[in-house]
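Fit chain B to the supplied structure of chain A, relying on the hints for placement.
In order, the protein sequence lines correspond to chains A and B.
Per the numbering used here, the very first residue in the first sequence carries number 807; after that it's consecutive.
Per the numbering used here, the very first residue in the second sequence carries number 807; after that it's consecutive.
Careful: at least some of the hints might be erroneous.
Said to hold, decoys possible - Under the rule of at most 20 Å between Cα atoms (straight-line distance), these lysine to aspartate or glutamate pairs were calculated in the EDC-like manner: (1) K982/B x D892/B; (2) K1011/B x E920/A; (3) K864/B x D939/A; (4) K864/A x D939/B; (5) K836/B x E1036/A; (6) K836/A x E1036/B; (7) K836/B x E952/B; (8) K1011/A x E817/A; (9) K1011/A x E920/B.
As the list claims (entries may be wrong) - Not the full set, but computed from the structure, chain B residues with beta-carbon under 10 Å of chain A: (10) R827; (11) G921; (12) L923; (13) Y1031.
Rather than coming from a laboratory, the hints here were simulated on the basis of the structure.
Where a beta carbon is used, it is the ideal one built from N, C-alpha and C, also for glycine.
Protein chains: 2
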Amino acid sequence: MATDQSSETLEMRLRAIGSRRYHDQHPFHKDLHAGNLNKQQIQAWALNRYCYQAVIPKKDAAIMARIDDPMLRTIWRQRVIDHDGDGSNSGGINRWLKLTDSLGLDRDYVISQEGALPATQFAVSAYLNFVTDNSLLEAIASSLTEMFSPRIIAERVSGMLANYDFVTEETMAYFKPRLSQAPRDVDFALAYVLEHADSIEKQDKVAAALTFKCNVLWSQLDALYGAYIEPGMIPPGCFTPTLTKPA
Amino acid sequence: MATDQSSETLEMRLRAIGSRRYHDQHPFHKDLHAGNLNKQQIQAWALNRYCYQAVIPKKDAAIMARIDDPMLRTIWRQRVIDHDGDGSNSGGINRWLKLTDSLGLDRDYVISQEGALPATQFAVSAYLNFVTDNSLLEAIASSLTEMFSPRIIAERVSGMLANYDFVTEETMAYFKPRLSQAPRDVDFALAYVLEHADSIEKQDKVAAALTFKCNVLWSQLDALYGAYIEPGMIPPGCFTPTLTKPA
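With the rest of the complex left out, here is chain A (with noise of 0.2 Å):
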């Protein structure tokens, strides 16, 4: 059992965490950005993960919807222009789309989510159920994750571009946005975590929603690896991909 109450301390446990349970410790992750996949993995990658970045701003809403301050509310509320756009610029939503069309997936099957493995759906619920069903604080630190996605991201574009031909610049433009926008968010809701968490018990649940997280993050790629790497037993009604040999 933790003693230490300090900030340090806390930061240092998040950071453990995230470097065990970060889902670029996944062998899917490794194989994606390794040049290991074919096309119809990377569509089945990029269809699932689109629920993921559809429940972003539910979820940031959910959460501004539970803040008292309105400047904390405004800080948030950025989150939420990040993923929907705000008219001028296109948002990360619309740059996800972008992604999924230049692989050759039909917009609005994408958007129906049909094809997207039950388990996607599941584990992205959880996330939204978590930021309304947990405290506050819990439901901040369940956003850390982003502390570890830089590096994460990073090593995805260049990898992508250096291994698959039918990948762009255009294909991974959602990223490049994030560079700099999860920095930024993580700045304040690190700094928030660590100053509100102020007993044991608070920072025994932060630990606890940053676990939560990485297991929503972790069991996505588990499930598109059972269903489309191995053993590649794809559920009834998911998206199945027409071709099969590597691209």
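Only chain B this time, still in chain A's reference frame:
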């Protein structure tokens, strides 16, 4: 699009969903009853399935909380009694714990759900949320996977008793009462659904509810298969068998 609103057509539609999507079609189920699994893989199944058992009476209480008619609520209450017990008779949850006991699992560890796969927990939570987030008709329709459970139970009990020397009649005591409880429950629920789904729109929702529930069950076996059979990638922090050779 269906235009025939008869209850016979709806029942056929529901049975067709079960034929394709009920989890007796899943390779994990086939391996389980055919004797292809080792004891550790069966431990993983029992430990994860506990999460599902534990949520069933909560799910049924959530349905009761939405029923206006005292008589209907009383009929539904029997499900909670069957799972929680009533003092003199042990309920389904307790019988499931006898199953996990007999497989050598620590009872506190099972109850804590700490070793369960996140995918199991997300699927089970999705089921609990489904019955509160949708109409009462859809909530009741989601129970209709029991139309297909007697066939899986009979197959499972005989197959497991025949194929595993560590599985005894006592291990399988959970299932025997279910052979009479499930048909009784489903007689009522199916009649309710066939009576109340009196439009194409409602019939579509009923079919979607049954599909959803099949996905809840199927995705649990997908996750077990991926973690403990092939490719055998156990997510961080989940139950890890100490023995790896076949029992």
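Evaluation of the provided hints:
no.	hint	verdict
1	K982/B x D892/B	18 Å, holds
2	K1011/B x E920/A	15 Å, holds
3	K864/B x D939/A	16 Å, holds
4	K864/A x D939/B	16 Å, holds
5	K836/B x E1036/A	18 Å, holds
6	K836/A x E1036/B	18 Å, holds
7	K836/B x E952/B	18 Å, holds
8	K1011/A x E817/A	13 Å, holds
9	K1011/A x E920/B	15 Å, holds
10	R827	5 Å, holds
11	G921	13 Å, violated
12	L923	8 Å, holds
13	Y1031	7 Å, holds
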